[in-house]
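Novice: The primary structure of each chain is shown beneath.
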Amino acid sequence: MEITKAETSSVASSAASRSNPKPKTTAAQDEEIRGAEVLIRALQAENVKFVWGYPGGAVLHIYDALFKQDSIQHILVRHEQAAVHAADGYARATGDVGVALVTSGPGVTNAVTGIATAYMDSIPMVIISGQVPTPAIGMDAFQECDAVGITRPVVKHNFLVKDARLLADTIKKAFHIARSGRPGPVVIDIPKDVSFKKVPFHGYPQTVSMRSYNPVRKGHGGQIRKALQLLMSAKRPYIYTGGGVLLSNASQELRQLVDLLGYPVTHTLMGLGAYPASDRKFLGMLGMHGTLEANSAMQHCDVLLAVGARFDDRVIGNPKHFAQNERKIIHIDIDPSSISKRVRVDIPIVGDVKDVLTELIAMIKEGALKPDAQALSDWWTTIEGWRQRDCLKYDRGASDVIKPQRVVETLWDMTKNDDVYITSDVGQHQMWAAQYYRFDQPRRWINSGGLGTMGVGIPYAMGIKLAKPDSEVFCVTGEGSVQMCIQELSTCLQYNTPIKIVSLNNRYLGMVRQWQEVEYEGRYSNSYMDALPNFVKLAEAYGHVGMLIERPQDVEPALREARKLKDRTVFMDFRTDPTENVFPMVRAGNGITEMLLSSEDL
Amino acid sequence: MKHIIAVLLENEAGALSRVVGLFSARGYNIESLTVAPTEDPSLSRMTIQTTGSDEIIEQITKHLNRLIEVVKVVDLTEGAYAERELMMVKVRAVGKEREEMKRMADIFRGRIIDVTEKSYTIELTGDQTKNDAFLNAIENGAILETVRTGASGIGRGERILRV
Chain A
74 MEITKAETSS
84 VASSAASRSN
94 PKPKTTAAQD
104 EEIRGAEVLI
114 RALQAENVKF
124 VWGYPGGAVL
134 HIYDALFKQD
144 SIQHILVRHE
154 QAAVHAADGY
164 ARATGDVGVA
174 LVTSGPGVTN
184 AVTGIATAYM
194 DSIPMVIISG
204 QVPTPAIGMD
214 AFQECDAVGI
224 TRPVVKHNFL
234 VKDARLLADT
244 IKKAFHIARS
254 GRPGPVVIDI
264 PKDVSFKKVP
274 FHGYPQTVSM
284 RSYNPVRKGH
294 GGQIRKALQL
304 LMSAKRPYIY
314 TGGGVLLSNA
324 SQELRQLVDL
334 LGYPVTHTLM
344 GLGAYPASDR
354 KFLGMLGMHG
364 TLEANSAMQH
374 CDVLLAVGAR
384 FDDRVIGNPK
394 HFAQNERKII
404 HIDIDPSSIS
414 KRVRVDIPIV
424 GDVKDVLTEL
434 IAMIKEGALK
444 PDAQALSDWW
454 TTIEGWRQRD
464 CLKYDRGASD
474 VIKPQRVVET
484 LWDMTKNDDV
494 YITSDVGQHQ
504 MWAAQYYRFD
514 QPRRWINSGG
524 LGTMGVGIPY
534 AMGIKLAKPD
544 SEVFCVTGEG
554 SVQMCIQELS
564 TCLQYNTPIK
574 IVSLNNRYLG
584 MVRQWQEVEY
594 EGRYSNSYMD
604 ALPNFVKLAE
614 AYGHVGMLIE
624 RPQDVEPALR
634 EARKLKDRTV
644 FMDFRTDPTE
654 NVFPMVRAGN
664 GITEMLLSSE
674 DL
Chain B
224 MKHIIAVLLE
234 NEAGALSRVV
244 GLFSARGYNI
254 ESLTVAPTED
264 PSLSRMTIQT
274 TGSDEIIEQI
284 TKHLNRLIEV
294 VKVVDLTEGA
304 YAERELMMVK
314 VRAVGKEREE
324 MKRMADIFRG
334 RIIDVTEKSY
344 TIELTGDQTK
354 NDAFLNAIEN
364 GAILETVRTG
374 ASGIGRGERI
384 LRV
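From first to last, the protein sequence lines are chains A and B.
Counting from 74, one number per residue, gives the positions in the first sequence under my numbering.
Counting from 224, one number per residue, gives the positions in the second sequence under my numbering.
It is worth saying that the hints were derived from the structure and are not from the lab.
Certain hints may be false.
Said to hold, decoys possible - Residues on chain A that point at chain B, a partial pick, calculated with CB under 10 Å:
(1) 179
(2) 221
(3) 229
(4) 230
(5) 231
(6) 250
(7) 413
No residue lacks a Cβ here, since even glycine has one placed at the ideal position from N, Cα and C.
With the rest of the complex left out, here is chain B (with noise of 0.2 Å):
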């Protein structure tokens, strides 16, 4: 089953490796990890999407406490949270396709970037699923170029997750 696991941890040099080690050296997936520091510059958030019963995503929150750098620990996945992904797409855009290419873009809210005269740049931003969603509405043929972020989460209402 899908977790998204929010971390704050110190804002230092190899905090991040020690979490990418933890995951590869015990055997975790990691799904996506985003990473940047917080609005105290001491501090970096982290986001992880990972997969594993329940017995793994235990041992995976335990395992990240454990690490001295780690401040907090939340499994947002436990109650309501919002996730967002920005993804960009280029996509090809000749001929009729560039209509076609317009008109899905606003019809998941995506906004073009950047326009040549063979393609569009499009920016996405929703869950996981929705992005899924848009790439598989267009062809894949037109599929140019993805780039995605990876989840980022945060609690909803009130829950709070700081030092």
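Chain A on its own, in the form it takes in the complex (with noise of 0.2 Å):
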């Protein structure tokens, strides 16, 4: 719905003065700016470099203050949900906040997915939403929805600006909720009279300070000498972390840690570069598809230090057949609601992650008690008797049809000395990355754990180009998940983000078909993609380069190729294994440690 200018202004100024009495300031004293012009510079004293989104009537004003600009580049996507995830994605590597913009209506309800796939895995983002004009809110305008309550459930917070000289304490807040704390996206809904009207501006907020808010950084002192005394007498010690480690940026603190006391160590799907997976301590990724040694470990200590996880579904598999085994827990988490949710724990300490570690570390430093060695030697000994199990091993030398885990393995080997980004989508192509591409440094890998959006990959590699130009970015995927946001390849052409896609091409929804032959004695109910597009015709008609590769001989020349072509966007069509599964496999409602380690165990 439009209305007039002039319309929009009046109504505007007779809303605000009703509302907020507070006293006029002199024009003398205050520069008076749009409301739109108020965010602009918002996003800029807030160091925004990049914003991704799209136009649309309830947000012209803004384009228009950001036509008039030219420190921050906005980036137009060719679908708002990949405007979200491109600027989280941007967040997963940089640690800064990811910003997005995008229109009332249709503009909000497209980014809802990327808005909950940010919030499942706590990414600090600010999405700027228009919406239609105040006086126009509950009147079923033209594309008019109700942002904050639709997006209320998956934001840390969210805001309805409905005057404009709050815009800037507003947005100063946003940006502070969604980077403190626990972060998490926030959104900020303008009306188009809002963005339009002229208000004066003091200039951008240097401080905020909210009574209701005040998270905690340091951990309790008495909490953290307790857990140092339980770590200290532990027989069998492990180590769980997950992306909280890599949000607090603590993978210092934890490596330090870790090797301070030798004890073994263990990621989550999203925490997965905290600790270098080459070291040894490392016993690999945990969880549903987790390594024998990690899920064994879990099984089997008797303390667990778990730092920034939660102890989910995926992770812990059934919570009573968890429970059998007695062990002491201690848990560092900024979110108290983490603690305690799923499992009960005996020493929480509710703290920032880097925070609680160095205060940890500092304490083990001065103090005397000293890892049991003989206990820990037995227990490596232990370990390393699972480990021994190969539990991730597969048929290597295959000669007549491509395994999708010697492609990512083939990619590991070739990459894992250079800077390089591996974001993935969702199924089975994301586990065998997150199983065989060895991350040894954080951020480096990016994906949606929570939520577990198909589709967030290409948007993922382009925000993380544009943020890393000199980074190669790789977005290991499946033919599936592809589809869901193929669309962004324009985006990638007009902006020059040139990522290199490997797509795991097994002509199935690979992650269904294997649930269905575990679980569903093979009825392949809809699981099956017929009608695939050529993805390489597909590639180059988006003006990018595509590569079909079907023989095991040619993925690694086809690797080799796709990277010197360092200024494309190459798509590598891999026509990989159908029948292959992702293993270790922990079934629904089953224990950790109740694995299938291959075909033979179904």
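Fit chain to chain and form the complex, with the hints in mind.
Specialist: Shown next as structure tokens:
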């Protein structure tokens, strides 16, 4: 719905004077600028370099203000979902707040999947949505939807700004909330008359104070001391960490702690890269598709240090089975509601992972307590026994068909010493990437863990490539997932973000097919993709390079050739073994040590 | 087990729906919920009556605290507290019922606040068990209409919830 500019300004000013009786400052003291301009200045003050978005009626004033400046680059995506994913990928790789801009109505509803994805993985983001003019709200206006209501369950917080004079403060709060405490996405809904209204601008606030929001940073000293004593008394200690370590930028501290103690360590899907995967102390990822050694150690340890992880269903399997073995649990997390949610914890420590680990390390160095060397040595012997089962083995020599694991392993082998980011979509390929690409650095493995959103791979990759133009960005995907945001190939061309797409094409929705094989006696209901596009031609149609790889011996040369095309986006269509499954696998409802190790266990 | 949780939150548009949304999204029960501004108009005070195991109640208080607009949360049932609910009941009152209804209202220390030839409207204040007892004490068919506010609670003595 459009209303004239004269109407919007008169309505907004009367509404503003009713709702906010602040004394008016004189024009001599303050510059009067439009709400849209306030937004731009706020984003500049927050040092925002990129905004991913898509214009529409309700955000036209904002787009006009964007046009008049050049410090913020706007990236025009092809679908709002991808705008949020790209900003999310950028945030995951850099640690900065990702920013997306969408219009009202369908702009917001399209963004919801992206917002929910970021929310589940606690990614700091600010999403700005246009709204119909304030007098039109509630009138079922054209492209109206209750953005604050629709996004409420999937945001850390959200705002509807009804008065342009509150914009600067609100944006300050939004960025503060998004990046502090347990991070998360924050939506700011801005009606069209608010972005049009001219208001006095006193500069962007330097500080923000909210009596209702004061996240803790420092952990409780007494609790940390207790944790230390328990850790040192352990016979079979284990360190289990999640995405919180990366979000808190605490990889260095974790490495120091693990090396100081010599204890085994595992990561969740979200935590990969925090501790170097190539080190012997790393037992691999744990959980539903975790390694035998990682899961067995989880089950049989006597003291578990959980750091920035949340014991979710994909990690501990059946909680009753998990509880069969007694163990003492120390849990460090910034969010109290993550502690004792699914599993009872003995020593909870609420605080920022980096702060708490720093304090813990200092106490270890100062104190006289040492790990029980004999017990630890026995524990490592047990672990090495599990490791010898080599649970990730597969037919590496297969010469008739490309094994998907082989593609990932080849990629890892070629790029392990390089500056590389790996994004993935969701499904079998995601698990193979997590299992076979050994991440040694934090924030290099970018995927949707909590929500499991198919379609994130390309937008994540293009978001990262923009932030890290000198790094190589690979998107490991499948022919199912990749089609969920394939339109972004167009964005990749427009903004020259050359990414390398490694599509493990098995002509099936592989993870669905695998479950149907295991749980539904092979009734493959709607998990087969008939009428797939010719991906080579599709890539070419978008102005990129397409490659079809059908033989195992062509895998490495193809990857090598694609890497040589530094300035081009390359779509590699690997035709992989359609019958391959992800192992190990813990069936739904089972305990984490009740694993299927190969198809012979089926 | 029944719990009464008192919440101080910013008196802002949408704050109530965040609380209600939290309960429905996570599958927690709300037996009753009352909310109104406090002596400081920027703050609202909410009383939520809920049921659940200790683990659930712990999660409820943690999640309430996690809401950005929530300033403080107290589970009143952890200590001594007073609980009151206002109930208004319209009852049939014809013939000899009129005497009986008047007497019942007196016994429960209720007040008749509206009278017609055929009905009384009785106001009662008390904890919920008392109001339940009143409803049980009069013949079901005589109740024409009931409205209850749900529980409001406050800690006893030195237990004070404020910013």
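Novice: Grab the minimum C-beta distance from residue 221 of chain A to chain B and call the hint holds if it beats 10 Å, violated otherwise.
Specialist: 6 Å, holds
Novice: Against chain B, run the beta carbon of residue 230 of chain A and see if the smallest gap drops under 10 Å.
Specialist: 4 Å, holds
Novice: Can we keep the residue 231 of chain A interface hint, with Cβ of chain B closer than 10 Å?
Specialist: 8 Å, holds
Novice: Hey, does the residue 250 of chain A contact hint survive, CB to chain B under 10 Å?
Specialist: 6 Å, holds
Novice: Hold the hint about residue 229 of chain A up to the distance rule: shortest CB distance to chain B must be less than 10 Å.
Specialist: With Cβ-Cβ at 7 Å, under 10 Å, it holds.
Novice: Does residue 179 of chain A hold up as a contact with chain B if the rule is Cβ-Cβ below 10 Å?
Specialist: Since the shortest Cβ distance to chain B is 22 Å, the answer is violated.
Novice: Can residue 413 of chain A be said to touch chain B, with a Cβ gap under 10 Å?
Specialist: 7 Å, holds
Figure legend: structure checked against the earlier numbered hints; the only hint not met is number 1.
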